[in-house]
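Student: If you're matching them up, the sequences are chains A and B in order.
Taken in order, the first sequence gives residues 262 to 746; the numbers are from our numbering.
Taken in order, the second sequence gives residues 20 to 169; the numbers are from our numbering.
There's no promise every hint is true.
As the list claims (entries may be wrong) - Chain B residues, not near chain A, derived (Cβ > 10 Å throughout): (1) D40; (2) E43; (3) E68; (4) I72; (5) I108; (6) E110; (7) A114; (8) G116; (9) K146; (10) G158; (11) K159; (12) V169.
What the hints assert, rightly or not - Partial selection, computed: residues in chain B whose CB lies under 7 Å from chain A: (13) V30; (14) I128; (15) T143; (16) S149; (17) D168.
Hints are computed from structural coordinates only; laboratory data are not their basis.
The beta-carbon is built from N, C-alpha and C at its ideal position, and this holds for glycine as well.
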Amino acid sequence: MESKKPELKKITDYIWEIDPSYKDGMKVPGRIYSSKKLLGQMDTHVYDQLTNVATLPGIIDYAFCMPDGHSGYGFPIGGVAAFDSNDGVISPGGIGFDINCGMRLVRTNLTIHDVKPKIRELVNTLFANIPAGVGGKSKTRFSKDEFKKIIELGSRWCVEKGYGWEEDIERTEMNGSVEYADSAAVSEKAISRGFNQVGTLGSGNHYLEIQHVKEENLVDKELAKKWGLFPDQIVVMFHCGSRGFGHQVATDYLELFLQVMESKYKMKVLDRELACAPFQSKEGQDYFKAMNCAVNMGFANRQLILHGIRQGFAQIFGKSAEELEMHQIYDICHNRASLEKHEVHGKTKELIVHRKGATGAFGPGRIEVPPLYRNDGQPILIGGSMETGSWLLAGTEEAKQTWYTTAHGSGRVMSRAQATRTYRGDQLQRDMEKKGIYIKAVSVKGLAEEAGGAYKEIDEVIESVHNAGISKKVAKLVPIGNVKG
Amino acid sequence: MPYKFIDGVVVADITFEASGDTLEELFESSANAVTNAMIDKLERIEAKEERKITLEAETEEKLLHKFLDEILFYKDADNIVFSKYKIKIKEKKAAHGCDERSNFILECIAKGEEIDNAKHTVLTDVKAVSWHMFKFEKGKQWKVQVVLDV
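Required output: the full structure, derived from the provided sequences and hints.
Tutor: This is the structure we're talking about:
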């Protein structure tokens, strides 16, 4: 269904607004944070979905879309909306099926000169250590009872069991363990679907990258140094979520919300994927508890993967992870809803902020930023395509205009089928190796879908959020090795 | 069993259309489409293990949606993908207050095997069956359009 393109009112060079008169039922305007160039690349469904979000009961101020936005289900990917926790709603469509899909960044004391000669061996070892691909069973098996503890305690449980360092906790968003997670709100089916997947990468756009910190890519040199980066350093970044467990939690509650939304709560929405329930209702609260279990699973999943990465590096370089100074820089989520206090028209209110393919970007001094980084603003990890590189940013005070939210990645411009017609996985793999990026993938065929050309230019996305003021550049990180599902 | 992947519906995901002369055929072709989004060459999936699937829903479209969710459930829970199905769907009428309401019941035996990266050409993981642009229609044939979240 092709909808008519709305008139986009220019607020600044990087903010564009859709007036509520565009669609019946819009309670607030839509606001897109984007350069003019990226705006031109957005598919028209984004406008339709963003303005649908603007009709949700209790939405406050704006329905936002980030520069990497593209159409999704319910909310667009890159969609952000806040609701009053007393009388607003919660919607699984504002979070996504892959709850706590997120990024983790780990540094080392190795340089490009140490790693380049061993890159094939390193990537092959990490590929062997960290299960990836469709399905994909964990190397470490947990019982269902242990899994229930994992989803209630997240990274904390993993570290207590020896799968990580104590300091990893304080370098993870929300300490890797969110409140309000209650396994009683989770179906047996979700547990059965996910309990054997802790520590697995998954597939699609999920990946693990060995990256090079080039001197010319250190933008904020002082902050980069403070956060442990130096020229020619090797770091590791990876992207994955809560796997089948989170997918099932979302599926279960979408079905439940579709049953009760109209019959019990007399609410109508414009798209089934926008199904919602009052946040304070039983169903809303149960979903919040189950979703937070999936948030914890996402953190735990990345914690176990970090454990595998440290083991892999130690194996290849003959030194312990401690000797290699493999400190985590940060772990951050880009698919979840969270309870946060924000200033709304001069008053502090508790809001349930939905971020779907959008990253928290808290500024200096905010309670959400761990003490280690509180003076600097939250570290933000933005993953690019496997060819182009990724970014480390910092949160800003100005980001309060978007409920402290920024972009999450590149955002697709080319469909998967189109990418498969345009690129061949095996050829792409060879071309990238010539460019100095060694890739090991479970599905070479699937690799074509992730070609750099299938995505928006990451630098343009970063330029947009930096110039809009909702986060600031610290450093760009470019890949030299990649493990793909 | 006819199904085809179509382009241009949702930029980041996979869309398929499936059809069947009977509801059972539609269910089988849709399940094959979901599996084929994840695994190339379904003929390489041998019928080594089976799972019994029993489901109930108020409408045929909800039943199909639930059935496709089951395919994803077994892919993650047991690492199993299927290639052969024996499906029976029955309509059951039951009194509901003053009204009579229909329910649809599916009984299925699905046969397949564990995913083996050496034997099967894996493509991409499907996370969920969405309701986004889900179109279900009964004309001369049963037809459906489904968007898969990948």
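Student: Using 7 Å as the Cβ threshold, decide whether V30/B counts as touching chain A.
Tutor: holds (5 Å)
Student: Checking hints one by one. Is T143/B an interface residue toward chain A, by the C-beta closer than 7 Å rule?
Tutor: holds (5 Å)
Student: Is the Cβ of V169/B farther than 10 Å from every Cβ of chain A?
Tutor: violated (5 Å)
Student: Decide, holds or violated, for the assertion that all CB atoms of chain A are farther than 10 Å from the CB of E68/B.
Tutor: holds (14 Å)
Student: Does the claim that K159/B lies off the interface hold, with its Cβ farther than 10 Å from every Cβ of chain A?
Tutor: holds (24 Å)
Student: Test the statement that I72/B is away from the interface with chain A: the closest C-beta pair must be farther apart than 10 Å.
Tutor: Per Cβ check, I72/B is outside 10 Å of chain A; nearest 12 Å; holds.
Student: Going by Cβ atoms, does I108/B stay more than 10 Å from chain A at every point?
Tutor: holds (19 Å)
Student: Taking the closest pair, is the beta carbon of A114/B still more than 10 Å from chain A?
Tutor: Consistent with the label, A114/B stays out of reach of chain A, its closest Cβ about 19 Å off (over 10 Å).
Student: Confirm or reject the statement that E110/B sits farther than 10 Å, beta carbon to beta carbon, from all of chain A.
Tutor: The assertion about E110/B holds, with a minimum of 20 Å to chain A.
Student: Next item in the hint list is S149/B. Is there a CB on chain A closer than 7 Å to its CB?
Tutor: holds (5 Å)
Student: For E43/B, is the shortest beta carbon distance to chain A beyond 10 Å?
Tutor: Nearest chain A Cβ is 23 Å from E43/B, so the label holds.
Student: Just want to verify: G158/B was marked as not at the interface with chain A; is every Cβ pair farther apart than 10 Å?
Tutor: holds (20 Å)
Hints 9, 12 and 14 from the earlier list are contradicted by this structure; the remaining hints agree with it.
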